[in-house]
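Based on these hints, arrange chain B on the given structure of chain A.
Chains A and B are the protein sequences, given in the same order.
Everything in the first sequence is counted per the working numbering, starting at 1 for the first residue and increasing by one.
Everything in the second sequence is counted per the working numbering, starting at 1 for the first residue and increasing by one.
Treat the hints with care, as some may be off.
Unchecked claim - With a straight-line Cα cutoff of 25 angstroms, these simulated SDA-like cross-link-like pairs (lysine to any residue) come out: (1) B:LYS115 / B:LEU99; (2) B:LYS209 / A:PRO262; (3) B:LYS142 / A:GLU195.
Calculated from the structure, these hints are not laboratory results.
Listed below are the residues making up each chain.
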Amino acid sequence: MSTNVIEASGLSKRYGSTWALRECTLAIAAGHVAALVGPNGAGKTTLLNLAVGMLAPTAGTIEVLGGRPAGSPAALDGIAFVAQDTPLYKNLPAADMLHLTRNLNRRFDQDYAEARLGELGIPLNRKTGRLSGGQQAQFALTLALARRPRLLVLDEPVAMLDPVARHDFMALVMTAMAADGVSVVLSSHVLAELERVADYLILLSRGRVQVAGEVEDLLASHRVLTGPAAEADRYAERLRVVHARRGEAQAHLLVRACAGDPVPPGWEAHPVGLEELALAYLRESGAAALPGPARSRNAEPSEVTR
Amino acid sequence: MSSGQHLRVSDAEREAAADQLAEHFAAGLLGQAEFDDRVGRAMSARTRADLSGLFAGLPGTGAPAVPELPRGGGSTPGGGPGSPIEFRLDAASGVPTYLQLVHQVEHALRLGYLKPGDQLPKVRDVVASLAINPNTVLKAYKELEVKGLAAGRPGQGTFIQATLSQVTLPELAGLHKSLLGWLTTADAAGLDEDGMVALFTSALRDFYKRRGDTGDRRGGASGETEGVA
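The shape of chain A in the complex, shown without the other chains (with noise of 0.2 angstroms):
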C-alpha cells in the first residue's frame, strides 16, 4: 500500500538544555497534505528540519519516503524543501538564481522550471529581492518544483503573502499534487487557510506531539456540545471533554465522541470545523488525540484532559 512519507519514533532534539522537541512519534501516509501546527517555539520549524536532513536528532530516527534515513542522499532526492522567509540570492537576477539553482542539483527539471515562470509572468532580468512578496515565494516554489520531488516541505509558506498571492501560492503547490502526486508537509499559522487544504493535522506543543490524524477522522470524532452551563460540570466528569466554554446559563463543551454517540437531553451537538478544533487543543496544551494503535509507550488510548 502507500507508503509514510515521514515516520519518526522518539525522535528529540536539544538545544544546550533546550528540548526543542522531544519524543516525537508518528507516521505521514503518502497522497497527503499535511499541516504542522503549534504555537510559536512548538518545534515546528526543528521538525521540519530533521525531516529534510539538516539537523541531526539528538535520539530517536526519523525516516522519509518508505524507510530512507532522512538526510541520505536517497531521501534528499525525493524531497524539496522551501524554507521560512523564501530563501533566494536577493541580489542575483532571476535567470542567476535558475542558473544556479540548476547546476547545484543533481535533478532539475529545467523546461518544467521555465515554462512556469513563463506562466507567471516573473520578469527574469529583475533581482529577485526587488519581485514583490507573491512573486519571490512563487519562484521559490517553482525552484522547489523543479527538482520534480515526491514530497515537498513548506515551513510558513504563506505567512507574509497577501490574500491574492496566499491563494495563487496555494493553488500551484495543489496543483502539484493533483498533477504530479506531490505529498506536501506545511507549516502554518493561518489556520483558515490549513482547512481548504490540509487533509492531515498534526499539533504540536512544547516540542511534543498533541494532535496527529486524518483531518476527516478528527473532525468526525469530535463535535460540540451547547447545554445549560449548570449541568457542564456533571457533563464534565463522564464525557471527554477537550476544551469548555461556559457563560452564566449556556456552556460550550467540545468533546470526543462519535457522529452515533447519545446527545444527553436538552444538548445540542454541532459538527467542529478544523479551525475551532485546533483552537480548542491550542489552548488546552494537556489534552491529547493521538491515534491509538502503533503508538510507543501508550499501549492506552491517549488520555484526555481539561
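Positioned in the frame of chain A, the structure of chain B alone reads:
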C-alpha cells in the same frame, strides 16, 4: 464592442493593468482608495472587458497595451473548456468543502445548468482555481458517483449521467406562491426573517424525522442550518 473583450486574461495582463493604474495614481489621477479598489479588481479580473472597465474616466487607450499571449492548453482556470459550471467556495458557511461541491452540482442539476453527458470541471482546474486539496475534489466526485449522478470515464474526466427528479416549472411556481402566502401570514404574526428561517428549518427537520428519511438528506439539511446560524 472591440474584439477579444470576452477573452480570459493572464497574470501578465493583470500585472500590466496594475502597473498602468500605478502610473495614473502617481500622476494624481486616482485617489488612494480608488487606486486600491481598482488594483484589487485588476487582480481578480477574468476577462479583457473586466480589465478595460478599470480605466473608466482615465486618459489613455482604455485598455492596457499588452501583446496577445498565446494561451497554453489546459491552464484555463475554473470550469475550463468542456464544463458548463464553475465551483465557488463559501468559507463562512461551515459546510465541508467537498459537500459544497456536491451541493453545487446538485443545485446546477436542479436548475438545468447541467444535463446528462455534461463534463464536470477537471480536478486539476478546480484545484488551480480554488486552491483546495485535490483529494477534496475527488471525494466530492466520488460522492456524486455513489449517488448515481455522475460517472468517471478513465482518462477523460467525470460526466453527469442522471438528472435529479425535476419538479416542473409551473409546479415550482405554484409552490413558490404558496410559500409566499405562508411568509405573509408569518410576517403579519410578527415573526422576523430569522424567526421564519428557524421555524421553517425546525418544521423541515420534524417532517423528515417523522418520515424516517435519514441519511444524506439529513446531512444536507444540517449543513444548511449551519449556514443560516
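Consistency of the hints with the structure:
For the proposed pair B:LYS115 and B:LEU99, the alpha carbon gap of about 20 angstroms is at most 25 angstroms, so the pair holds. Pair hint B:LYS209 plus A:PRO262 holds up; C-alpha atoms about 17 angstroms apart against a cutoff of 25 angstroms. For the hint pairing B:LYS142 with A:GLU195, the CA-to-CA distance comes to about 20 angstroms; that is within 25 angstroms, so the pair holds.
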